Each structure stands twice: as C-alpha cells, then as structure tokens.
Amino acid sequence: MNFQLLINTITLMACVGIMTTLTGSIAALGALMGSSRFRRGLVILSILHLVLPQMMILSWWLGLFGETGILRPWMDWNLYSMTGAIWVTTLLFWPVPFLSALGSLQRINHQIFEVDSGLRNIQLCRHLLWPAARPALLVSMSIVVVLTLNQFNIPSLLQVRTWTSDLFITFSATLEWREIQGSLVWIVAGSALFLVIIRRHDVPWPSAPVSNRVQTLKPFFHPCLVIFLQCWTVLWFLISTILPCLSLVVSTRTWQELSTAAAAGQSALLHSLGFGLITATLCLTLGLLTSRWRLSKLLWILFLLPGCAWGASFLSLSQQSWFPLKGSHWMLAVTALTLRYGVLGWLGARLAQHMLDRDLRDAGEMDIPSSLQRFRLIQLPQTGWVLGASWYVVFLLSLWDADTLIFVIPPGAETLALRIFNLLHYGHNAQVNGLTLLMMFSAVTPYIIWQLWRLIKRIYTKQYHHSLFPSLTTCGLLCLMTSACNAPISKDTATKATLDSRIFETVIVIGTQGRSPGFFIKPRSLTVDANDFLYVVDMTGRVQKFNPDGQYILQWQMPELERGRPKGMCVDKDGNIVVVEPHYARVNHFTPDGQLVRQWGNKGSDEGALTFPRAITTLRNGTLVVSEYQTVERVQRFSPDGSIFLGAIGEAGNKNAQFNRPEGLVTNPQDQIFVADSCNHRIQILDAEGNWIHTFGSPGKGSGQMSYPYDLAIDREGLLFVCEFGNSRIQVFDRHYKTMEVVGEPGNAPGEFNNPWSIAMDSKGDLYVADSANHRVQKLIRRKSIALTYQYKE
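Residue numbers (this note's numbering): 1251 to 2044.
Since the hints were derived computationally from the structure, they do not count as laboratory data. Keep in mind the model is a prediction, meaning the values are calculated, not measured. Treat the hints with care, as some may be off.
Calculated cross-link-like contacts (lysine to aspartate or glutamate; reagent style EDC-like; alpha-carbon spacing at most 20 Å) [claimed, not checked]:
no.	residue 1	residue 2
1	K1853	D1326
2	K1795	D1782
3	K1823	E1857
4	K2014	E1755
5	K1795	D1824
6	K1853	E1901
7	K2014	D1782
8	K1853	E1810
Label-pair distances were calculated between CB atoms; the ranges are [what the hints assert, rightly or not]:
no.	residue 1	residue 2	range
9	W1327	E1901	17 to 27 Å
10	L1610	Q1763	31 to 41 Å
11	R1357	L1606	19 to 29 Å
12	L1298	D1750	41 to 51 Å
13	R1848	V1446	34 to 44 Å
14	I1709	D1750	20 to 30 Å
15	D1921	S1497	42 to 52 Å
16	C1474	S1497	26 to 36 Å
17	L1300	N1941	44 to 54 Å
18	Y1802	N1906	37 to 47 Å
19	E1939	E1812	31 to 41 Å
20	Q1807	L1298	46 to 56 Å
21	A1780	D1921	12 to 22 Å
22	E1901	L1443	35 to 45 Å
Glycine included, C-beta positions come from ideal geometry on N, C-alpha and C.
Generate coordinates for the entire structure from the input sequences, incorporating the hints supplied.
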C-alpha cells in the first residue's frame, strides 16, 4: 500500500469518525429537548436509516452534486472527491453515535441535576453530559471507524482510492489471492483487536422511560438554545433520511422508470429475494443450533471484514482442490453470505435464550422430550419477536449486499444490488431510482408472505385438525430443501461445442481466467481487423492480439489505468486499432503491432469535447462516430483523425433521439448508425448526418425485448446481432427488426454467457463475444449455408 492510500484511508476514517460523533451527539441533545413521543419517532427514523440501502443515499446525493447534479450550477462542489466520500459516509453511519449518546444520556439519574442547580447550558454539557456520554461515544466512534475502513462501495463509486477500495480494484484486475494477502492480514488483525477492546465496554442504547431517570433536558437549557437544537435535529433528519426517501417515492421519473426497471430486472429481483430468504433462514437455523457455542463469536471477524475482502477470500478458497462445491453454483453465493452474516443469527438466538423464563424452560425440559416441540411451545411464544427481528435484519443485509457477491455470484444470477452498483459505477442514472424502489418493495416481501401464511393457517385450522398443520409445513420445507439440494451445478467448462442455432454451427472458447498472455480478466471490448485478427482489451488494461484460429500473438499495455480501464474499440480507415479510454475522455489509435500513432480528445461537455466516451465505430468514408454518457447523453461525429468535430445528436431521456447510457455502435453499408441505448433497453437508428430514423425494442426477456444491450454487429445479409448484458445472450434481428433467434443463455458452458460486454464479426461471418464475467472470448462459427458477411468496423 502506497503512502497516498494510507493518507486517504486515515483521512476518511478520522473525518467520518469525528463528524458522525458530532452530528450524532447534537441530534441526541435535540431529541432530549422534546417529548417522549418526539424522541421515539427519532429513534425509529434512525434505525430505519441504518437498514436503508446505502445505494439509495448515494444516488440521491449524486442527483444533487454529481457530474450532472441539479444543484451544481449554484454550488460548484463535486461529490466525486474526498469531501464527497466523507459526507456520504457520514450520512450512512451517524445513527450509531446518535443512538449510543441518547442511551447514555437517558441513563442519568434525574436527582443529579438537583445537586447543583447552577449547572445550565454549556456548563451542564461540560461537567455532566459529556462525562456521562464520553465512554459510549468513544466506543461508537470506534465502531464507525471500523465500518468506514470496511466500506468500499462509497469510495470506489466516488473514485476515491482508499485501502479497501484499492484492495477491490487490485483483486478485480488480477484475481490473484497473493496480491491482497498482506492487506487482509492487517484487516483481520484490526478487526480482532477491535473485538477485544469493545467486549470490555457496555454500549447503552435508547430504552423506554424509567421513573428515576431524566426524561427531558429542556428545563436546563436556554429557550433559544432549545429551539436551535430542536431545529438542527429536525433539519439533520430531513436531509439525511426523510428527503432521500421522499424524493425516491414522489419523483415522477422514479415511477416512470419503475416499470422499465422491473421488466428488465425480473431475474435480478428473483435472485435477490432467493438469496435473502435462504441466507436469513440458514443464519437463524445455524444460530439456534450453535447458540451455546462461545467460539461462534469468532464469526464477528467475518462480519467486520470488508465485503469485497471476504468475497475475494471465499472465491480463492472455493478454487482449492478440497472445497466441496466445484464450478459456479448459487450455493457458493449463499454460503459466502451465510458465513458473513451468520453471527447475527447467532446473536439473535443468544439473546432469545437469555430472555427465556427459566422456570418454564426447566419445566419444558422435564415434560416435553422433543426439542422441536419445546422450541415451538415454549421458546417461540416468548422470544419469537427477537428471532424474527434477527432473521429480518439478515434478510435486509443480504438483499442490499453487493460487496460479498461481486466476486462469487454465479453466471446469470445477478441481483438488484449488483445491478445498481454497476449503474452507479459510472455516475447517477435515472434507472437507479426505479431499481432502488423495486428493491425496497422486495424488502417487505417477508411481511406479505407472513400475513398470507397466517391467513392460510387460520383457514386451514378451521377445517382440519390443527395438529396436522405443523407436519404438513415440515414436509413442504423438506421438499423445498431437497429440490434446492438437487439443483444442477454448472457444467465444467470445455473449449468447443455444437450450437443449436440456424446461423452458427459451433462455438470455440478462446482463453480463460488469468493474467498470462492469452488469458483474460473480464474482457470488455474487442474488434477484428481486415485480416480477421482479433484484438481484445480486458480489466488489466492489456490489448491482446490473436490470429483467426484463436492463437495468441502479442500484447501491449495501455499507458494509464489509475482512473479506470479502457472500453470501446474499432478499426479506423487506415487499419489502426482504436481504443477508447472513458475515464480519460480520449481516443487512442494504435498500429496492429501496438505502436501509438495518434491520441485525441478533450474532456468537457461542449460539442467536440468528450465527457465519458463508451463506444466508437466508423462510416464508409472513415468518419468516426463516438457515443457518450454521464454529463451528456449523445452521439458525436469526428473526422477520421479526430481533429474536426462534424456534428452531434442526442440528450438525456427516453424519447426518439434521446439516450440513456448509449453503449455499442455499429454502421451498415448505407451508413446508418445503430445505437445500443442500453438503459432504455432498445436500439435506435440514425442516418449518416445523425438524424433519427427508427427505434425498436423494449425492456424484458421475451422475443424482441432486451435487458441492457451493450454492443451490436451487422452482417452482409442485414441481420443485426445484439449483445445483451442483462439477459446474458445474443439476440438476432432480421432486416425488419423482428427477432430471428436467440443464441446462448446464462451459464459458463461453451455457448453460454455471463454478462457479455462486446461482440465483433469477421469477414467470414463468425461472431466473437467478450464473455466478460466468464473471463473468456467465445467464437461462434458460421454455418456454411449462411452467406458471408462484411467487416462492419473497418
């Protein structure tokens, strides 16, 4: 870890720890200036804030102060900065010191205030309130510091490099366990030390009013100070919790995007619910079985580890020869989540055990031989609410989790949280609000299921003998578990297979996971030159060249990777390989041997400048066409050398000639420009001058529907090939833009895809697919009966 990373990490932890303690303490004072009902409402809101998805808070502030934030014209503060990371992280964790300080101050005996009637205002805070709250605030500050250290979502999304975010970036680019071992040792040691320190300190939490304890501090402060503290507290709750929630619910754009997000994210929603329900049930079950085991406390270390660190560690463990599950499987993700959040199930079971009435427990052990019956008749009626709360907390954490799953998610099992993370990685996107609202709706699914179960139980027990119901329920659960255990594990990866396709005959796998020559780490763009040589760029920042048979030839390294990796390739009219660098807002032209011959692009949102270029292609005369998004949503045209701006079209929106993250580009022999309007889940067609011609496609998984189309290819027959990132497939459209066939499905076998990013076609009509999450390229071999195609990206 370099010195700058250390400074950034310490700065973030220290500033967040101080700011959360200050804001939480002031809010606690403000809460004690009001009535018990006012205080109870604030406690409920603060707990709600802790369980809200972190992406929702970040998305709201990006909408205000991101690159295209609505308040940027009046306040020139960019959220993509260290101050932005400090601010957003403070907003996430301030309820911890608030609840701790409020609990400490509530414990003060009211008779102490009568000992010295002269203690008022600042003197009261200095001589009584601060000494009473100081131990708890120091503990809560240490909790916040550890949570900040383990936070990688906010720093990485706001492009602030810290120890944890750098660990994530390093492992993402290398997938090498050895690269992060040193950092993990220090993180585990720090978490263990924190547990040793905190176990000796009691953290008080807000409780119900007690007669001999202070109920309000209002009489001991000047009226003006009381009004100030109450107003500040209400304002703080407004900007941190209430306004983000209200803006999400009342925004018309959110509801407009909801149907689109739901249609495109059906599978992601089901995966989120499935992982959450199974993980919560397993955590609580294991917690009940191990509630008497003191060694289970060691699971706190896994809980305190950064999610990305645990995901990377678990991925490395799963690749060992002794690991029981081989290949990609949903049980890997469930196991990783269960081990991370299992301590919460153990804690809930432990609390429930201490709350049991000892006399009833002893009587039950004597009279009821079955442990299951004792649990149902004695423990559940007394402590069911504690167990239910523990289960629900684990469900919510699993639902929001993107940290752990980002490395262990199996092919085709992307969750809503991961989809939101991917969208926010490149800036605020309107669909994030729709997906967040969909995720919050899914959070109440357990309550709906519970109410339906109670209704069915009530109806059933009226018609049939009540003793049959538990037996039938148990049988149903056993059947469900049996079917889950029998779920097929993904097939071992081969290198060649026959395809069930009218267009393609076979598929050949090129490369596999690794950093060596001929290997890939998440390939994201590819192109083919006039001689059918393949060029691939991946997360390591390398451009690798392969011959038409898939044999590695050479590679070259992109000059800079600090801000981000390259994305977008084509071949210019001189036969040079064009590589786009979105984070640097520039375009590079290389010879086929990797020599840089030209580099152009100026960062900006004006016409002719580049803000976040994502794809590039050429017209027949060599004109370069570039798509952009983030600050602007548009398609621009430049001269073949990039020196002359020729025109632009597009703005943010979902109407014709409006775009929402335009990704892939391709042109046909008539110089029509096809644009993959990815977050509108459609394709738009423009003429050579940038005028709109036609739009087709809608969100979903059906025929003619799309989920995040990322790239395009066209053959000589006029067939359009659409690479769908969200559906992990290639959809083929005829010349009338009707679905001709679908190639592939989610998986890791040959002919199956896992979040493909890019496609390219050679002169023989063979299609190359950058199968990103499977860390490989697949070549789909054309059937001989299908006419040859032209190279569209020359």
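These are the hints, each one checked on the structure:
no., hint, result
1, K1853 <-> D1326, "holds, 17 Å"
2, K1795 <-> D1782, "holds, 11 Å"
3, K1823 <-> E1857, "violated, 23 Å"
4, K2014 <-> E1755, "holds, 13 Å"
5, K1795 <-> D1824, "holds, 18 Å"
6, K1853 <-> E1901, "holds, 18 Å"
7, K2014 <-> D1782, "holds, 9 Å"
8, K1853 <-> E1810, "holds, 16 Å"
9, W1327 <-> E1901: 17 to 27 Å, "holds, 24 Å"
10, L1610 <-> Q1763: 31 to 41 Å, "violated, 56 Å"
11, R1357 <-> L1606: 19 to 29 Å, "holds, 26 Å"
12, L1298 <-> D1750: 41 to 51 Å, "holds, 50 Å"
13, R1848 <-> V1446: 34 to 44 Å, "violated, 59 Å"
14, I1709 <-> D1750: 20 to 30 Å, "violated, 47 Å"
15, D1921 <-> S1497: 42 to 52 Å, "holds, 43 Å"
16, C1474 <-> S1497: 26 to 36 Å, "holds, 32 Å"
17, L1300 <-> N1941: 44 to 54 Å, "holds, 51 Å"
18, Y1802 <-> N1906: 37 to 47 Å, "holds, 44 Å"
19, E1939 <-> E1812: 31 to 41 Å, "holds, 38 Å"
20, Q1807 <-> L1298: 46 to 56 Å, "holds, 48 Å"
21, A1780 <-> D1921: 12 to 22 Å, "holds, 19 Å"
22, E1901 <-> L1443: 35 to 45 Å, "violated, 53 Å"
In this structure, the earlier hints numbered 3, 10, 13, 14 and 22 are contradicted, and the remaining ones agree with it.
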